[in-house]
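Undergrad: Generate coordinates for the entire structure from the input sequences, incorporating the hints supplied.
Protein chains in written order, with the numbering used here: chain Z, 194 to 671; chain P, 194 to 671.
Among these hints, one or two may not hold up.
Which copy is meant is left open, so a pair is good if it fits within one copy or across any two.
Calculated cross-link-like contacts (lysine-lysine; reagent style BS3-like; alpha-carbon spacing at most 27 Å) [what the hints assert, rightly or not]:
(1) 269 to 440
(2) 242 to 580
(3) 539 to 364
(4) 242 to 440
(5) 242 to 353
Keep in mind that the hints were calculated from the coordinates and are not lab data.
Model, not experiment: these values are computed from the prediction.
Read off the chains here:
Number of protein chains: 2
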Amino acid sequence: MRRALSVPLFSVCLLSAAGACLAQGPAASPSLSDPIRSTAASLRDEAMKGTGAYEIVRSLTTEVGPRPAGSEGERKSIEWGLRTMRELGFTNVRAEAVTVPHWEPGNAEGQILAPWPQPVVLLPLGGSVGTPEGGLEGEIVEVPSVEDLEKVSPEKVRGKIVFINKRMERKKDGSGYGAAVSGRGRGAAVAGKLGAAAVLIRSIGTDNNRTPHTGAMRYEEGGPRIPAAALSNPDADMLAAQVASGKPVRFRLLLGSRHLPDAQSANVIGEIVGREKPEEIVLLGCHLDSWFPGTGAVDDAAGCAIVMEAARRIGELPQKPRRTIRVVLFANEEFGLSGARAYAEKYTADLPRHILAGESDFGSGRVWRIDTRVAPESLPVVGEIAKLLAPIGVEPGDNEAGGGADLIPMAPARVPLLGLGQDGTEYFDWHHTANDTLDKVDPKDLDQNVAAWAATAYAAAEMSGDFGRAPQPEQPGR
Amino acid sequence: MRRALSVPLFSVCLLSAAGACLAQGPAASPSLSDPIRSTAASLRDEAMKGTGAYEIVRSLTTEVGPRPAGSEGERKSIEWGLRTMRELGFTNVRAEAVTVPHWEPGNAEGQILAPWPQPVVLLPLGGSVGTPEGGLEGEIVEVPSVEDLEKVSPEKVRGKIVFINKRMERKKDGSGYGAAVSGRGRGAAVAGKLGAAAVLIRSIGTDNNRTPHTGAMRYEEGGPRIPAAALSNPDADMLAAQVASGKPVRFRLLLGSRHLPDAQSANVIGEIVGREKPEEIVLLGCHLDSWFPGTGAVDDAAGCAIVMEAARRIGELPQKPRRTIRVVLFANEEFGLSGARAYAEKYTADLPRHILAGESDFGSGRVWRIDTRVAPESLPVVGEIAKLLAPIGVEPGDNEAGGGADLIPMAPARVPLLGLGQDGTEYFDWHHTANDTLDKVDPKDLDQNVAAWAATAYAAAEMSGDFGRAPQPEQPGR
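TA: Okay, structure coming up:
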């Protein structure tokens with residue numbers, strides 16, 4: 194998963210003409226009847242007793258494994274998605290073509306050459322160019338953050354290797370990520386403009402394992418393109434300790450990364466078709482791709498398992514819900530939201546009938562909070578749904594949900610968003626590393642997620658009225 | 194560190210002639226005077242306020258790093274040891290030649306080829322031969338333990354790759370290690386005799402990181418020599434999950450390991466020379482070598498820092514203790530106890546005047562227990578020492594201490610042994626992995642270790658009388 198910034202609620206409404214605000218009102222005042230509440234509670238309680246979600250994670254991680262955009266693993270994951278969706282009883286199962294960038298990590302080697310030679314463990318950042326074939330060498334210039342780097346004079350950096358030594362903080366809601374990740378995304382662009390030869394970052398992660406955290410970086414259009422890599426936290430400590438000696442620190446970096454021609458991928462979609470309003474969609478999303486080092490268990494096999502299993506359980510009720518529940522396994526979230534953009538484009542005309550969308554993309558930690566971004570007039574029914582989730586430890590949140598990175602391209606259509614906030618205390622120990630493997634997933638935690646998603650999605654698909662349209666965020670995503 | 198088996202106390206005495214038992218009695222009844230108790234308590238309390246031990250670990254791990262037997266790192270560690278001992282004020286600082294085996298790990302690659310191709314993370318076991326240059330391929334045969342492997346018929350194994358899937362249990366005293374490690378030491382010998390092409394083991398470690406645990410293995414003299422590697426725990430899970438599918442599992446292994454001619458190394462020794470009985474020795478040991486993947490912070494820079502700092506603090510008292518405190522940084526503990534054997538041989542004539550020996554080789558976890566192996570008649574003074582340690586959380590233990598692997602070769606001389614048992618709950622998360630780095634060491638925990646060693650070593654070096662000679666263990670070491 195990726196996260197952008199939180200945005201204030203109601204600002205658009207306060208700043209807009211009254212008519213625009215009225216237009217955000219729901220089509221009909223939404224509410225939950227007693228039978229809806231009872232069925233949702235039953236979905237919740239049955240899921241808490243045990244679900245098939247862990248088996249879905251096992252299957253994807255074991256039988257496919259790593260599946261970055263453009264890779265053979267990605268191709269297999271699409272076959273897996275289609276097969277699994279069909280086996281689980283979904284309708285209208287299909288792969289919808291998406292063009293994705295294709296980047297290969299290649300080999301990665303790093304050594305401190307002086308003052309005290311030490312091998313270090315690093316990974317290329319996603320999208321980095323490679324080094325020259327024999328690698329490159331340079332003196333290290335350490336900066337505390339990319340923001341500090343922007344203030345450094347080019348003479349201090351030219352021809353050197355910039356080391357951005359910013360440590361991510363551990364937080365339950367994962368908010369330490371947004372505070373630290375800018376150096377990963379922009380470090381190479383900023384350092385390149387200053388004439389640096391390469392950039393190293395301290396991994397954006399909360400662990401102290403020698404398993405570096407990769408993740409997307411971007412060059413500026415037409416700007417310099419220098420190699421960029423992440424050191425594991427212990428290796429960043431080592432480099433910092435050598436820099437702290439005051440002696441010049443020399444480093445050798447070799448990256449075999451390379452860009453290849455764009456590749457064909459697909460969003461994989463399956464539905465529980467609504468019995469009364471099949472054209473109205475409750476969208477449950479996740480992403481099928483992963484980064485390359487691990488098997489993508491927490492990012493995002495867990496999310497796919499949660500929403501697939503939640504929808505499957507709704508589909509097995511004695512009658513289908515009034516609206517359609519559409520599960521979308523998005524292609525290439527990690528390296529450019531390709532599937533999300535393709536979906537928003539293909540379904541532009543249908544997005545006004547997407548009455549709610551949510552994405553599970555934060556591992557398998559328990560849901561502890563429900564947030565939305567819905568028309569304010571529909572907040573009472575959100576409160577009713579929140580009450581349904583209280584018995585499994587979920588608190589009411591706010592109306593500023595981002596809903597997940599793959600929902601960002603739907604923002605112009607003001608699709609109402611659901612965010613089931615998970616405990617992310619450990620998530621960034623594993624995120625984008627070789628350590629993102631099946632053993633990090635707790636089956637009971639997955640079940641609780643399924644319980645929350647199943648109850649919520651069912652209520653949304655069955656209730657009278659809808660959530661209106663979402664207030665327009667100033668900056669989409671969270 | 195390595196550990197052998199616990200052995201029962203007094204068994205030798207019970208089985209021996211009465212005369213042999215009497216001969217184990219102390220030369221004079223040992224006791225602690227009030228001034229000794231007071232000075233030992235002061236050493237303890239001052240150390241708890243903060244010591245230089247962490248700086249010693251930082252220096253060895255940062256300025257030397259990995260230092261396996263025969264490597265360039267080992268050579269640097271000897272220079273480091275001599276320099277650091279002199280800087281800390283030790284006397285008679287010297288390097289004593291030790292011949293060590295020289296084995297290089299080389300590259301290590303593994304892939305599951307079928308039914309579901311996946312790359313895996315593995316390391317060669319210490320001493321393994323390499324594979325043919327292009328690697329080798331074979332079908333996986335999984336067994337739960339090396340003991341089970343011994344019962345398998347050769348037809349089931351011939352030409353295949355044996356996978357020993359035994360999981361180590363987490364225990365405060367580290368006793369899960371002894372219960373699991375036999376597959377690492379003997380797996381290749383047993384599998385080779387059955388005609389296997391190679392052996393893979395689940396890492397002997399308690400973590401779930403993709404950082405495999407290496408460690409020593411041995412072939413039988415004249416027996417087959419097949420390649421042996423350790424999978425990280427998540428990779429062992431993956432392999433087991435594929436085997437559990439019931440489909441044939443094919444694996445490719447490439448190891449570039451190789452044996453080189455023996456190399457010259459050294460034990461590094463420094464002393465606080467005793468003021469009255471300089472020829473009587475209290476030996477404080479650790480080992481200077483490490484395995485190759487990490488910087489050997491917990492195994493065993495921590496131990497060296499603890500005993501060096503403890504002895505240094507005793508040496509800075511207004512007067513030296515009555516006996517000599519000798520700190521020995523043993524060469525090549527990990528791959529054959531080379532330094533320990535050389536020491537025991539060189540000092541055979543002096544071992545009867547080694548009145549106590551202990552080794553710190555279990556990371557930086559707090560000392561929680563004091564064990565000894567001393568003449569039973571001297572147990573009262575052990576009780577007095579234990580009381581000195583009670584305020585820092587140390588409980589009295591038993592008289593069955595092993596004292597540390599490097600003390601095993603002294604067993605024939607019945608040198609009395611001291612074991613300060615540490616909390617090893619996390620030790621086997623890092624042991625013999627790339628994750629054995631400085632960040633795993635807590636400075637306050639190190640200080641508590643220094644407090645315990647300083648108080649104990651001082652009391653032993655200063656007290657009247659001694660510990661007699663140790664009961665002979667049936668099987669040395671623990």
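Undergrad: For every hint, state whether the structure bears it out.
TA: Hints and how they fare:
1. 269 to 440: between (50 Å within a copy, 18 Å between copies)
2. 242 to 580: Within one copy, since 20 Å is at most 27 Å while 52 Å is not.
3. 539 to 364: Intra 37 Å, inter 56 Å, cutoff 27 Å: neither.
4. 242 to 440: neither (60 Å within a copy, 31 Å between copies)
5. 242 to 353: neither (57 Å within a copy, 42 Å between copies)
The structure shown violates the earlier hints numbered 3, 4, 5.
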